[in-house]
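**Q** Using the hints, put the two standalone chains together into the complex.
Chains as they are written, first to last, in the working numbering: chain D, 1285 to 1427; chain W, 163 to 596.
These aren't lab readings, by the way, just hints derived from the structure by calculation. One or more of the hints may lead you astray.
[Claimed, not checked] Quick look at which bits of chain D chain W covers, simulated, 3 or more residues with Cβ under 8 angstroms:
id: 1; stretch: 1294 to 1308
id: 2; stretch: 1343 to 1352
id: 3; stretch: 1369 to 1380
[Said to hold, decoys possible] Cut-off 27 angstroms, straight-line C-alpha distance, at most; resulting in silico cross-link-like pairs (DSS-like, lysine-lysine):
id: 4; chain 1: W; residue 1: K587; chain 2: D; residue 2: K1299
id: 5; chain 1: D; residue 1: K1419; chain 2: D; residue 2: K1290
id: 6; chain 1: W; residue 1: K590; chain 2: D; residue 2: K1299
id: 7; chain 1: W; residue 1: K549; chain 2: D; residue 2: K1290
id: 8; chain 1: W; residue 1: K470; chain 2: W; residue 2: K258
id: 9; chain 1: D; residue 1: K1408; chain 2: W; residue 2: K587
id: 10; chain 1: W; residue 1: K590; chain 2: W; residue 2: K559
id: 11; chain 1: W; residue 1: K559; chain 2: D; residue 2: K1299
id: 12; chain 1: D; residue 1: K1299; chain 2: W; residue 2: K549
Glycine included, every Cβ here is placed at the ideal spot set by N, Cα and C.
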Amino acid sequence: MYNYVKQISAFLPNKQGTLTGFTQLLADNSLDLMALSLADTTNFGIARAIFKEYDKALAVLQQAGYTASITPVLAVGVPDCPGGLNKVLQILNRENLSIEYIYNFVHTVDDQAVLICRVDDGDKAVDELQKAGVKLFDRSELQ
Amino acid sequence: MYYNEHMETASRDELERIQLERLQATVRRMYDNVGFYRRRMEEQGVVPEDIKTLSDITKLPFMSKIDLRDNYPFGTFAVQKTEIVRLHASSGTTGKPIVAGYTRHDLEMWSDCVARGLSAVGVTADDIVQVAYGYGLFTGGMGVHYGIERLGATVLPISAGNTKKQIMMMQDLGTTVLACTPSYALVLGEAIRDMGIDPETIKLRVGVFGAEPWTEGIRKEIEALLHIKAYDIYGLTESVGPGVAMECKEACDGLHIWEDCFIPEIVDPDTGEPLPDGQIGELVITTINKEGMPTVRFRTHDLTYIHKEPCVCGRTHRRLHRLMGRTDDMLIIRGVNVFPSQVESAIVGIEGIAPRYLLVVDRVHNLDTLEVQVELLPTLVYDEVRKMEALRAKVQKSIEQVLGLSVSVRLMPPNSIERAEGKSKHIKDNRKLD
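In isolation and in its complexed conformation, chain W is listed as follows (with noise of 0.2 angstroms):
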């Protein structure tokens, strides 16, 4: 079922002269109000009016999360502070946070996409759907609750955890849809045959996940633990948050990225040079209707490919193939966004602590475990276990404070950690994805 029928499946030609006109409005903005894009497009010799066709796109410069960090946290805004309703945040590459700003516009954009995408896996105003992604700084809540709304569906806003009352309110109240991480929702599923409850009692149909990489065998593993369809949803806070792109039932293969909304461009790593449909790079976005904090170009450093051919769904909209991974050392844990680069910048300074770390994640019970060991200077020790301990509580309430997620430290001794020549040194990622 279509939510805007006439917009989801409008002719190429006609998407494709709206995406121009969108763009063109959007190089303009950003360069006459957003300083730091202007520059970057100075020095690459580019101004608004070189961009005549869709592919002059390429001539653009890219921005990156470094680009929103040094900028932080208003620098990359391209209205007056007054006309933004809404912060969103996710996290930076260091100890500072990514501040999203949306005016009303952003938000009903949002919400359209975010209701359409529910429509596309046959969500309907008779449906209750429990959001069971967290609510706050990070988007998954609020994105996904207000696109539930904007659908005239009726909209549980439980947050994440407490999966006991999950599990009474989803009886109760006959939630008929869940929207949360794959990974919380494996929780829930295993919580339901462990309480020996029937998935047959629960009216449970469908499932809206993402935030997180997922693959086709946690589906499978979802679907027969809670009998019900689960999909994909894509999004990041960068372009607006969840719903930036999801699949249709019809396919249930690869996720629609709203191109009156987004740009998608698939991109080469190293070189930054465009790749064909069908050819796996990294996925690039340019948010073409959006105010607040247009994102240009923007590095999403996650491997995709886009599908050649069009969808049997009836939707022009191309689709992103599901995530393949990453092309930086970001670590998505329980749907939270982390680099090795905060842990460093959390321990920096501790008294007796050297800077050498290692991030080993797990999966236990399906859900992701994070633990930090850190390396101790070789002078200090204490000879009482409660102060040794006392400094290890520190390091990890000085990790959770700037990763926003609850982690676990092992003091070590020094020069046991491996140095860390290339990147993925920093990281032992033991969760099995297929």
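Extracted from the complex, chain D is given alone in its bound form (with noise of 0.2 angstroms):
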């Protein structure tokens, strides 16, 4: 059973010095930022983030005015090498699973890379990315 990794992902408005105040508020509560990855249109935008407390992070953004909520991504480790990246999106292809993001962690955790990825099925893609020996860290393994 793999125990999915808590993205927080968060509302944040188009306009300059926003991102500055989500930092900021971060960094003031002493968040510790795992990795993170912003979308945007431009209207608006969404930040992705994974936190070593992720509760905790959803509490201080809720109470600070942001529109935050909780998803569940997979944490997918990658051979830091020439075509570790592929061989994991090949897998996810060929079951015809769609890929909704991909973005990467801060550090290598045991020197390998981690992909944070959302994925349609994700139950799925577990059993096929598992089946195929590929190596996806819990959200223990992470903190």
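**A** Below, the structure is given as structure tokens:
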């Protein structure tokens, strides 16, 4: 049974200073950011982040007036060598699994790059990746 | 030039005699046929027989948009439905529109009022009038249309939009009169300029503009761009539509309200007490020559005053000053009436959206734009842009359906919109009206 990594998704209006306000809040509350990705439109942005303490992060953000929620995502171990990412994506593609988005971890874990990955059918992706011998990091392994 | 010289120049005595007779008949019909108004009169302890002079009108209860909404759709009609030959609709204060019903007589009366107004600004049977008001439920297009035909001028029912085609038709057909909203007249004028067309090669000479507030400054701008004389026309669906009042070319100062069809009053917006001519207050209109849906002492929420002096043109019907504002929070955007409460009704119940919003109105290239800022609830956020965008589009579609107007929607973080204590807090109007 795979223990999904919990990502915090937060809504950010597209306005100067918004991101700084966001990072300042994290700093003020000593929240350790392990991975961050930003998606944006002309109208708004969505910050996706992995924290050591996701529950504290969620509470801090919501108390500060952010719209934020938790999304389960995969943390895929990718060998830090040419073709490593390709191998993982080929498996997902073969099984007709769609990737919604992908971003990577700041640090390597056990000499592997860690890819945060949101797939339309997460459970099936877990099965197929594990069958193919791809390492999936549990939430506990990342802390 | 008069369209109906006898009526337009009738002595005040004769006009007032006609007004009293028609007011009495209207009140009688309302009492007999419109249940809600009869109850209103009973509550106020007034019966039709109490209306002995024109000043007795103040004994009658007011009517408002809310009454029309509460009796939606046909509850304020004073005739059998078989006698109604046309329906129009305008925005109400919530999602439901206000429906107006017209008998054949009402349409004749309306056309007559428009024909008088057109005549007053020099339109004749020789003119080709391009009607670039919207046609449909909105009274603008069809109201002006039938008045033009009544006058015997030629009507070109092109409706609103498609600016290039408007200009092509103007050039090819030799249009001499333009009828549309003042903001659209500016758009047309600027397009003509930007296309490098010499306005002198276009035969336009007169413009009939209304359905939204404008100013002397805008008048000058339109006149300079299009090389025409621009005139103001006033009306509202609840009274009949455009043509209730119209400027004359002689004075070009104040709009003659056709007093054989409408009784204007100016009241204090707070107390409802009548104010004398010359004082600014809320315009209240009683229709006295209408069968289908008469409105008695209808609160227009439009601010104006009645000119004291008789007009140089010889018409005896008094003049309303150009509208000076609103007493409520209604906005007019591209000729469409918009109430903040309508937006509220459109967004209530959409998952993830708080009932907090701000309407930001602007004028970009002379066209009104409306941005609606809505607040997200603190708990819901999609991690995918696609879904967030879909939520935004859903809010937009819902608002557009209620308003009948294209809007842009901006999603805002929780608690970022100032809490509305007064109604004006829902609105940020950046349009400059002088």
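**Q** Now tell me, hint by hint, if it's right for this structure.
**A** Each hint tested on the structure:
no.	hint	verdict
1	1294 to 1308	holds (count 4)
2	1343 to 1352	holds (count 5)
3	1369 to 1380	violated (count 0)
4	K587/W x K1299/D	22 angstroms, holds
5	K1419/D x K1290/D	17 angstroms, holds
6	K590/W x K1299/D	19 angstroms, holds
7	K549/W x K1290/D	19 angstroms, holds
8	K470/W x K258/W	39 angstroms, violated
9	K1408/D x K587/W	50 angstroms, violated
10	K590/W x K559/W	21 angstroms, holds
11	K559/W x K1299/D	24 angstroms, holds
12	K1299/D x K549/W	20 angstroms, holds
In this structure, the earlier hints numbered 3, 8 and 9 are contradicted, and the remaining ones agree with it.
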